[in-house]
Amino acid sequence: MNVAIRVNPILCDGHGLCAELFPERISLDEWGYPIIDGDPISPGLEGHARRAVDACPVVALRLERARATSRV
Amino acid sequence: MSVVEPIAPPAPPRLLGGVRPDGRQTSLRAHLARYGPFPDDLRADELRARIVQSGLAGRGGAGFPTGTKLESVLGGRRRPVVVANGAEGEPVSSKDKALLAYVPHLVIDGAVLATRAVGARRAIVATTSVVMGQLEHALAERPPDSRVDISTVVVPERFIAGEETALVQFANGGPGLPTYTPPRPFERGVDGVPTLVLNVETLAHLALIERYGPEWFRSAGTTSEPGTALVTVSGAVSVPGVYEVELGSSFSELIAQATPDDAIRAYLVGGYFGTWVEPRSLEGALVSNADLAHRGAALGARALVALPAGACGVVETARILRYLADESARQCGPCVHGLAAVAETLEQLVRRDRRTPELGVLRRRLAQINGRGACRHPDGAVALAASALRVFADEFDRHLHGRRCTGRGRAIMPIP
Numbered sequence: 045m046n047v048a049i050r051v052n053p054i055l056c057d058g059h060g061l062c063a064e065l066f067p068e069r070i071s072l073d074e075w076g077y078p079i080i081d082g083d084p085i086s087p088g089l090e091g092h093a094r095r096a097v098d099a100c101p102v103v104a105l106r107l108e109r110a111r112a113t114s115r116v
Numbered sequence: 044m045s046v047v048e049p050i051a052p053p054a055p056p057r058l059l060g061g062v063r064p065d066g067r068q069t070s071l072r073a074h075l076a077r078y079g080p081f082p083d084d085l086r087a088d089e090l091r092a093r094i095v096q097s098g099l100a101g102r103g104g105a106g107f108p109t110g111t112k113l114e115s116v117l118g119g120r121r122r123p124v125v126v127a128n129g130a131e132g133e134p135v136s137s138k139d140k141a142l143l144a145y146v147p148h149l150v151i152d153g154a155v156l157a158t159r160a161v162g163a164r165r166a167i168v169a170t171t172s173v174v175m176g177q178l179e180h181a182l183a184e185r186p187p188d189s190r191v192d193i194s195t196v197v198v199p200e201r202f203i204a205g206e207e208t209a210l211v212q213f214a215n216g217g218p219g220l221p222t223y224t225p226p227r228p229f230e231r232g233v234d235g236v237p238t239l240v241l242n243v244e245t246l247a248h249l250a251l252i253e254r255y256g257p258e259w260f261r262s263a264g265t266t267s268e269p270g271t272a273l274v275t276v277s278g279a280v281s282v283p284g285v286y287e288v289e290l291g292s293s294f295s296e297l298i299a300q301a302t303p304d305d306a307i308r309a310y311l312v313g314g315y316f317g318t319w320v321e322p323r324s325l326e327g328a329l330v331s332n333a334d335l336a337h338r339g340a341a342l343g344a345r346a347l348v349a350l351p352a353g354a355c356g357v358v359e360t361a362r363i364l365r366y367l368a369d370e371s372a373r374q375c376g377p378c379v380h381g382l383a384a385v386a387e388t389l390e391q392l393v394r395r396d397r398r399t400p401e402l403g404v405l406r407r408r409l410a411q412i413n414g415r416g417a418c419r420h421p422d423g424a425v426a427l428a429a430s431a432l433r434v435f436a437d438e439f440d441r442h443l444h445g446r447r448c449t450g451r452g453r454a455i456m457p458i459p
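Those sequence lines, one after another, are chains V and G.
The first sequence begins at 45 in this note's numbering and counts up one residue at a time.
The second sequence begins at 44 in this note's numbering and counts up one residue at a time.
A few of these clues could be false.
Pairwise CB distance ranges (calculated) [what the hints assert, rightly or not]:
id: 1; chain 1: G; residue 1: G60; chain 2: V; residue 2: D57; range: 49 to 59 Å
id: 2; chain 1: V; residue 1: E68; chain 2: G; residue 2: V282; range: 16 to 26 Å
id: 3; chain 1: G; residue 1: P218; chain 2: V; residue 2: P87; range: 41 to 51 Å
id: 4; chain 1: V; residue 1: L61; chain 2: G; residue 2: A299; range: 26 to 36 Å
id: 5; chain 1: V; residue 1: V102; chain 2: G; residue 2: I50; range: 48 to 58 Å
id: 6; chain 1: G; residue 1: S267; chain 2: V; residue 2: L72; range: 36 to 46 Å
id: 7; chain 1: G; residue 1: G106; chain 2: V; residue 2: W75; range: 30 to 40 Å
Sample of chain G residues with no beta-carbon within 10 Å of chain V, all distances over it, derived [as the list claims (entries may be wrong)]:
id: 8; residue: V62
id: 9; residue: Q68
id: 10; residue: V95
id: 11; residue: P108
id: 12; residue: V173
id: 13; residue: A183
id: 14; residue: N215
id: 15; residue: S267
id: 16; residue: Q300
id: 17; residue: S331
id: 18; residue: E370
id: 19; residue: V393
id: 20; residue: E401
id: 21; residue: R408
id: 22; residue: P459
Calculated directly from the structure, the hints in this document are not laboratory data.
The beta carbon of each residue, even a glycine, is placed where N, CA and C say it ideally should be.
Starting from the given sequences, assemble the full structure and let the hints guide the process.
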């Protein structure tokens, strides 16, 4: 099963740990908020994705079953 | 299948034909005299089938197929609730207020029929204090109906008050801010039950479809966009107001009725959530999403504003963007910071501040903000600003290079 990362922008406070732990798919905008590549994550990167999700202090990230490509 | 005596529809206009020339509310009696009796004996599945066959799409701005929305609240364990959305937070739109003030029984009929169609027992009609008095007056005229409980809720006059999830949150006692989805209201909304949120104009059309049938509804408009729709026209026109037109009809004929001033610089198509379009791009245009898509626009909430040649698109866009930034729910970083930054840059341009960043910075920001809020508020603001950069390229150039503004100091766009 392919997974993708999704952020809840209401919960997100721009802490930025996600971008540190998963720079392959998460970068920060000029105000510190994540720009997420919502494409499906290959099995090799899934561990990094999970660590990024777990590290979020406000639990704003989720791994979801991947659908079509998107940017969130 | 129950036998329904066909009711003959009145002469057009369908919705606005019921409006009294003296501006007073159309009574229940006059409403029934014009439109015929309330279609009381249609079963839920018949009611839904008529809407599906009619091709009615939402008249609020999103244009989602109403038949699909009706079916989306079925099948759950809990009885759904209907919300009639008359919030109309768009400052340049007044069609919903007009319906609620002048012909509210169309909307109330629609709300009641919607509850019957989905097995709901409760309908909530939401609108602002501007027309709530008139709505309550109409509700008081209705005979008691044991099958439905209709209540009202006064929503604040905020731009996002009519956003579906914000409206549901407000009805649940919250502050009226958009919520993260899923769940969408059709899954879990008011009191946690499947909630059918429909714009009041959509409900007015629904009330007539249930009386006269889907074929009648489709006898106006186009195959893919059937029916008529209300359009609010304002700005540099001699006859501003709410017009009812067939979808797919001529844009220029609509504008001609509103009688624009001699020199129009641009039209704002779709209100503050819409885009700027040059008059020449609207030559031969039709009042339809299919046609407007080729011209960089969409019907949206069908609010049109004519910007005269004596105004400056940079100035007006800056004013609107500051308003949209102020109206942010302030829940999402990209919206809060992004829209404020865009508004600030536009204001720097207006005052020909030498520290204004070059336009590429603004363009990149717009692209970055897009799609990153919980609701579509930042997306609408971004689309408006992007269209301004296209349509008012000359004016942006003048401001960027410190040349005199073409505007003559008049502010056209109403900012609440």
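Here is what the structure says about each hint:
no., hint, in the structure
1, G:G60 / V:D57: 49 to 59 Å, "holds (53 Å)"
2, V:E68 / G:V282: 16 to 26 Å, "violated (58 Å)"
3, G:P218 / V:P87: 41 to 51 Å, "holds (42 Å)"
4, V:L61 / G:A299: 26 to 36 Å, "violated (59 Å)"
5, V:V102 / G:I50: 48 to 58 Å, "holds (57 Å)"
6, G:S267 / V:L72: 36 to 46 Å, "holds (42 Å)"
7, G:G106 / V:W75: 30 to 40 Å, "holds (33 Å)"
8, V62, "holds (41 Å)"
9, Q68, "holds (40 Å)"
10, V95, "holds (26 Å)"
11, P108, "holds (21 Å)"
12, V173, "holds (29 Å)"
13, A183, "holds (39 Å)"
14, N215, "holds (16 Å)"
15, S267, "holds (24 Å)"
16, Q300, "holds (42 Å)"
17, S331, "holds (27 Å)"
18, E370, "holds (16 Å)"
19, V393, "holds (22 Å)"
20, E401, "holds (16 Å)"
21, R408, "violated (8 Å)"
22, P459, "holds (25 Å)"
Hint compliance for this structure: hints 2, 4, 21 are not met, and every other hint is.
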